[in-house]
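Chains as they are written, first to last, in the working numbering: chain V, 7 to 179; chain B, 6 to 324; chain E, 166 to 319.
Bear in mind the hints are in silico, worked out from the structure with no lab data behind them. Some hints could be false.
Claimed, not checked - List of simulated lysine to any residue pairs, SDA-like, C-alpha gap at most 25 Å:
no.	chain 1	residue 1	chain 2	residue 2
1	E	LYS264	E	SER276
2	B	LYS173	V	THR110
3	E	LYS215	B	ASN199
4	V	LYS137	E	ASN208
5	V	LYS125	E	ILE260
6	B	LYS173	V	MET25
7	E	LYS264	V	LEU107
8	B	LYS255	B	GLY236
9	B	LYS173	V	SER139
10	E	LYS263	V	LEU107
11	E	LYS263	V	LYS137
12	E	LYS215	V	VAL141
13	B	LYS249	V	THR31
14	E	LYS215	E	LYS286
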Amino acid sequence: MNDKAQLHTLEGLGAAVLMTLTILTITQSTMIVTPQNELAIDVHLEQISSDALTVLDRNPVDSDQYNLTECIASWDMTEASYPDNMTGNLDELDAGLQYLLPDTLYNVDLAYIENGDLKVDNAIIRGPAGKNSVVTRHFVTLTNETVSEMGGSWNLGETELRVVEVRLTAWEV
Amino acid sequence: MMDDKGQIAVDFLLGISLFLIALTFTVQFIPGMFMSGSAGESSLDYTAYRTATVLVEDTGWWGNSTSSGTDWEEHPGNVMRIGLAVDDDLSSKLTNSPNIISRKKTLQMMNVDKTTFIEMLGLYNNVDDTLFAYGYNISFTQDGNVLMLNNTSIIRGQIVPEYKETTKITRIVLMEKGTIASFTGDDLTSELVNTATINITGPFVENITIQICDLNFTGLSPMFLNASLDGTTLIQPSNYTVCKIDGWEKSSFNGSLSSPTDVLSFNFDKELFSSSSEYRLDLEFRNVTLPTPGPPFIDYNDWNSTHYEPAYLVVEVWE
Amino acid sequence: MGSLRKDTKGQWIALSGLVISLILIGLAVLANQAILAGYHSSNAALEFPKENIRELNLHTHDNARMIRSMSFYINSTTNETVPDAFDQLFDNYSIQMKKLYAVHGEVVDVSMVSINSTTGKYTMDDIDMVLVNITYDDGITHYVAEPELIEVNK
């Protein structure tokens, strides 16, 4: 009877328990099951900043808060500058975004076509965009009527439509 | 000449094979162990994202052999999709109001039975044709608290486990919450000095909101004193609450009015107007003129519109 | 050196090393797959221009309504007919949208098909529906609504 090269039963059992425990710990721990990747965080941020613009846009006209079109119509066309005039004069829009997007910093740019040329103006600058910032956009259409009602300085003709792209760059702090 | 050096131990071989067989078996038959690794699309991130998107952006759909429409809350037996977005065109499959949440649909969502709910929203993982439901917690919150509609807390699912990795998606929505009427100081009618009187006809399904702005001040330190219904003085906060509104922010209000542009928001308990008769609400101020004489008094029911308030939908999903 | 070669007692340690490394490789592959799965599903959500398409659609709906009331205004102040004014304003809108989307590398086209007027008189309560073609293409996703029915009398 050659009893060499045998593993001792008890030690074997111990080893099995150790291995099972290790595997259980690893699989139960958070790391392997769902690693939160950076992209998922981006998706979330993009979705929520898009929501903020939609909610602002869809807010009923007769509510206390101005909706997106009204906010943009009230703009006096003075670009924002960092850090001394961060919100331009879009205080209403800034207040709405701050309320809906806490813990988030953002810049707002307005892009529109004037005399056939594209113009992009910085309306709100809250800082240099961080890494992993996402961009969402929404459109509003201004007419002379909405602008004069809100006291903005868009200078539109009586029968002119101006589509303005509201570009929101958001990043988490 | 038996050379017993350099053998592979038969016991070891047996042991390691057993272990490997056991491991393969475990991986195969315990669902969720390595699921996110092998099942691509069914990752948790995706499930949470999809669930939130369906709830917020879809109106839902019901149908039987003869008719169909988006007002599934009226036909809970034939529901085909659960979605909460409001819709003005019941027969169209396209909604034009994403992120605006219907109160009725939300309340009906609370009544849908668990199996249907999990199935409709796809809150399960399909492993070898066997369905395993995910743990989930879906709620609407406002100012950090769970939203109440019709005395029901809008929250579904289990308590979020502390020691498990969960995926959470938050969406911003506008929640339909009862009705609101906004008056300026000039709109308000008054019979007694400094007192605005509004007629209100019940009943209401949700608390009602009255907003007042542009009041005309006549003297120093104008104030809001009290509210009374048919002669009975109402008590704060059990009968009603008042706050000041500045754009999106609500701030507490101690009674003294500082600027004519202040917007006051009164929220009255719906129980005050439980019968379907006309109630007389008096709001008493100090040093405020109300130029429009009454009766007839201004009527809340002629002025009201649906009240939307921003809220958050939070969807949390785990294995 | 020779004595080391003859010493064969440590073989099973070497073998365990091999087995353990194989198991490690297996685990690493699984972990990687998990990350990859999350990446793919998140990437799919990021790549698909859900919001852009919806925004194009919703904004066109809003604009059709706005343009309708504006063309009645133009009709009342000049001698231009309502359909002509509608066409012009819509073209103007279409050009602006095209340019604004082009900046992001997306091709969109919104064009008027017809204005629905039951009596042919184009009065205020008569125009209830406008048919519009909407297409969107960002190189990966192609969206077409031909025609999109827009109820403008709401």
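Against the structure, the hints come out as follows:
1. E:LYS264 <-> E:SER276: holds (14 Å)
2. B:LYS173 <-> V:THR110: holds (17 Å)
3. E:LYS215 <-> B:ASN199: This hinted pair is violated, its Cα atoms lying about 54 Å apart.
4. V:LYS137 <-> E:ASN208: Holds. LYS137 of chain V to ASN208 of chain E sits at ~17 Å (cutoff 25 Å).
5. V:LYS125 <-> E:ILE260: holds (15 Å)
6. B:LYS173 <-> V:MET25: Given that 25 Å is the threshold and the Cα spacing comes to 33 Å, the pair is violated.
7. E:LYS264 <-> V:LEU107: Answer violated: LYS264 of chain E to LEU107 of chain V is near 29 Å, above 25 Å.
8. B:LYS255 <-> B:GLY236: At roughly 29 Å apart (the allowed maximum being 25 Å), GLY236 of chain B and LYS255 of chain B break the hint.
9. B:LYS173 <-> V:SER139: At roughly 19 Å apart (the allowed maximum being 25 Å), SER139 of chain V and LYS173 of chain B satisfy the hint.
10. E:LYS263 <-> V:LEU107: The hint is violated at about 30 Å.
11. E:LYS263 <-> V:LYS137: violated (30 Å)
12. E:LYS215 <-> V:VAL141: holds (14 Å)
13. B:LYS249 <-> V:THR31: Roughly 53 Å between the alpha carbons, so the hint for LYS249 of chain B and THR31 of chain V is violated.
14. E:LYS215 <-> E:LYS286: Roughly 39 Å between the alpha carbons, so the hint for LYS215 of chain E and LYS286 of chain E is violated.
In the structure shown, a violation is registered for the earlier hints numbered 3, 6, 7, 8, 10, 11, 13 and 14, in ascending order.
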